[in-house]
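Protein chains in written order, with my numbering: chain D, 1 to 236; chain X, 1001 to 1105; chain W, 2001 to 2303.
To be clear, the hints were calculated from the coordinates, so they are not data collected in a lab. It is possible that some hints are incorrect.
[What the hints assert, rightly or not] Residues from chain W that keep clear of chain D, each with C-beta distances beyond 10 Å, as calculated: (1) Gly2029; (2) Phe2031; (3) Glu2039; (4) Arg2102; (5) Arg2140; (6) Leu2178; (7) Ala2235; (8) Asp2244; (9) Gly2263; (10) Ala2268; (11) Ala2288.
[Claimed, not checked] Okay, the calculated bits of chain D under chain W, using three or more residues with CB under 8 Å as the criterion: (12) 23 to 36; (13) 64 to 73; (14) 90 to 99; (15) 126 to 135; (16) 146 to 154; (17) 194 to 202.
[To be verified] Every beta carbon over 12 Å from chain X, so not counted as near; a handful from chain W, in silico: (18) Arg2011; (19) Glu2033; (20) Arg2040; (21) Gly2050; (22) Gln2051; (23) Ala2063; (24) Arg2070; (25) Glu2077; (26) Glu2194; (27) Arg2240.
All C-beta atoms in this analysis are idealised placements derived from N, C-alpha and C, irrespective of residue type, glycine included.
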Amino acid sequence: MTLPELLDDLFPAGHAVRREGDVLAGTGRAARGEVAVVGTADGAEIGVEAALALAGEVLRVVREAPGRPVLALVDTAGQRMSRRDELLGLNGYLGHLAACVELARRAGHRVIALVTGQAVSAGALALGFVADEVHALEGARVAVMSLPAMARVTKIPLERLEALSRGSPVLAPGLESYVRLGAIASVWRAPLAAALEAALARPAGPDARAALGAERGGRTLAREVARRVGGGTDAG
Amino acid sequence: MERLELELPSARSAAAGGAPVVVGVVASGNLEVLVERGGTPDRCRFEVSTSVHGFGAVWRAVLEDFAARRAVAGLAFSVNDAGATPAVVTLRLEQAAEEFLGAER
Amino acid sequence: MSPPGPPVPRRSYREASARRRLLGVLDPGSFEERLGPAERATSPHLAALGQPVAFDDGVAVGAGALGGRRVLAASQEGAFLGGGVGEVHGAKLAGLLAAALRERPEAVLLLLDTGGVRLQEANAGLVAVSEVMRGVLAARAEGIPVVALVGGGWGCFGGMGIVARCCDAVAMSEEGRLGLSGPDVIEETKGVEELDASDRGLVWRTYGGKHRYLLGEADRLVDDDLDAFRAAAIALAGARRPVDLATLSREHHVLAARLAAHGAAADAAAIWTALGVADPDALALLDADEFLRDVAGTRREAR
Chain D
1 MTLPELLDDL FPAGHAVRRE GDVLAGTGRA ARGEVAVVGT ADGAEIGVEA
51 ALALAGEVLR VVREAPGRPV LALVDTAGQR MSRRDELLGL NGYLGHLAAC
101 VELARRAGHR VIALVTGQAV SAGALALGFV ADEVHALEGA RVAVMSLPAM
151 ARVTKIPLER LEALSRGSPV LAPGLESYVR LGAIASVWRA PLAAALEAAL
201 ARPAGPDARA ALGAERGGRT LAREVARRVG GGTDAG
Chain X
1001 MERLELELPS ARSAAAGGAP VVVGVVASGN LEVLVERGGT PDRCRFEVST
1051 SVHGFGAVWR AVLEDFAARR AVAGLAFSVN DAGATPAVVT LRLEQAAEEF
1101 LGAER
Chain W
2001 MSPPGPPVPR RSYREASARR RLLGVLDPGS FEERLGPAER ATSPHLAALG
2051 QPVAFDDGVA VGAGALGGRR VLAASQEGAF LGGGVGEVHG AKLAGLLAAA
2101 LRERPEAVLL LLDTGGVRLQ EANAGLVAVS EVMRGVLAAR AEGIPVVALV
2151 GGGWGCFGGM GIVARCCDAV AMSEEGRLGL SGPDVIEETK GVEELDASDR
2201 GLVWRTYGGK HRYLLGEADR LVDDDLDAFR AAAIALAGAR RPVDLATLSR
2251 EHHVLAARLA AHGAAADAAA IWTALGVADP DALALLDADE FLRDVAGTRR
2301 EAR
């Protein structure tokens, strides 16, 4: 699905999303009103410029469109790996982006993330997983890093990792794993506009992913461990 | 992982020991030892989990030596080992026992 | 990897274990651990891989006092799997941050020593880091300061490098390193011409405490000493970076200005010179006090 097709399917009533480099920004019209759209496309790597631009767009929405829901489209190969980005403090730029999304949520903007292509590592963290809910299109991919890279770093033979990852949502690359772990709430199928409306209609709540992971059997310990440390009934 | 469980006679320490203590760290060539009350009045207990297979006899020798030399009856030692040498194992066991028994003073 | 510079001081923060750091930073005798090693909350995923587990899954969390005020605190053990965050480890951190919302301590201290996601737990690790990030932002937004201390041997990288900068404040020693993709990862993916991970000086100029302090990515620069980190924690426990439009707009401006001013800089020395540092090469050899005096007049970004 191309970006125009995706936008048409999400916003059949119309949309005006511009693309500046790797960053998408604009609006789409849903049944309940305008929705801000922000995100990345074509598996772009996120460097300091893109992180700043994304954060700036989120701040602009908070400043100029009180209460407007935000749809974050996530399609990124992860952080740009360069000495320059590290020198400038890319982790700080991404932390700022995450804080801006938190601001939007607290200021009453419903934030829904939709993984349309890839969601890798830091890109997934700072743009996707800070949303109220994260959904994905069929065929989307979420990953920490590739299995061969993991094998190199952990010194566990690739064949062993591949064997173990079969049936293990903890190691198996792919969307299904993240659904089972509770990180991806659901996979959206056409018509996307209906899925978006349903998501926008749901009220925001605390981070329920550990509970979801427990219910789905992917993460059997996270909720319980957090509960034992926190002394309460659910995570914040 | 290879597991080993052993109960050994040992002399009883004057101190009863306090809160559980852990020493060491699970890193290559190292191990962590958790010590708490356990065993019986004249025996100590060891539970070892090690990533290096085939050294059961060496572990037995090290633990028997430790239990014979130190007064650690009534203590339970749990070990996560990542390939430490016998010398390092002994060092950690002694550190753990000393810290656990010394806590009351 | 050990840094260039003066020899290791007697009460080194870097050389101390995770628990020892907590004991050194918090008020004496005040630390009460939660879900400690005796509870054996270990990782089932490591066990499935036949890898050794740690009784506390590599992180100590609990409550204590800091200068007489009640705090919650966590300390990662970098020596265990590079401080990598797995399901249980991450849940201990997330649970602690959730507890902060309920118990409302004066601050939360995060003693970070980590390469980021624990790759052996891959997907669960990534989700765990994201829950920690949400937890930090929630605490910060509710007015509970979260202070990160970075001075361990593994630095603070990966998703946890982002988490560090989601905190209200960061204190670093020169020995500490803070970033997103570490030097080894950059070298492996982009080649040694992009970044030579064996060039210690380059690594410390890019990721180290002094550079981060000058850049405005760290709020405090201290010596590698438990007492120094304790003092920094006490000073920063009152820090607040509200999650509000005014604060984030101002920070946005600062980050944009940094990119405009230094986006074309070839290396840290160029940035330091642009900030007004007279002798960039001399900075590496100064201890914290000397360094702070030396750079007092520079155009360092302060938050």
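Hint check results:
no.: 1; hint: Gly2029; in the structure: 21 Å, holds
no.: 2; hint: Phe2031; in the structure: 14 Å, holds
no.: 3; hint: Glu2039; in the structure: 8 Å, violated
no.: 4; hint: Arg2102; in the structure: 5 Å, violated
no.: 5; hint: Arg2140; in the structure: 8 Å, violated
no.: 6; hint: Leu2178; in the structure: 7 Å, violated
no.: 7; hint: Ala2235; in the structure: 21 Å, holds
no.: 8; hint: Asp2244; in the structure: 7 Å, violated
no.: 9; hint: Gly2263; in the structure: 7 Å, violated
no.: 10; hint: Ala2268; in the structure: 6 Å, violated
no.: 11; hint: Ala2288; in the structure: 20 Å, holds
no.: 12; hint: 23 to 36; in the structure: violated (count 0)
no.: 13; hint: 64 to 73; in the structure: violated (count 0)
no.: 14; hint: 90 to 99; in the structure: holds (count 9)
no.: 15; hint: 126 to 135; in the structure: holds (count 3)
no.: 16; hint: 146 to 154; in the structure: holds (count 4)
no.: 17; hint: 194 to 202; in the structure: violated (count 0)
no.: 18; hint: Arg2011; in the structure: 18 Å, holds
no.: 19; hint: Glu2033; in the structure: 9 Å, violated
no.: 20; hint: Arg2040; in the structure: 8 Å, violated
no.: 21; hint: Gly2050; in the structure: 6 Å, violated
no.: 22; hint: Gln2051; in the structure: 7 Å, violated
no.: 23; hint: Ala2063; in the structure: 15 Å, holds
no.: 24; hint: Arg2070; in the structure: 21 Å, holds
no.: 25; hint: Glu2077; in the structure: 6 Å, violated
no.: 26; hint: Glu2194; in the structure: 29 Å, holds
no.: 27; hint: Arg2240; in the structure: 35 Å, holds
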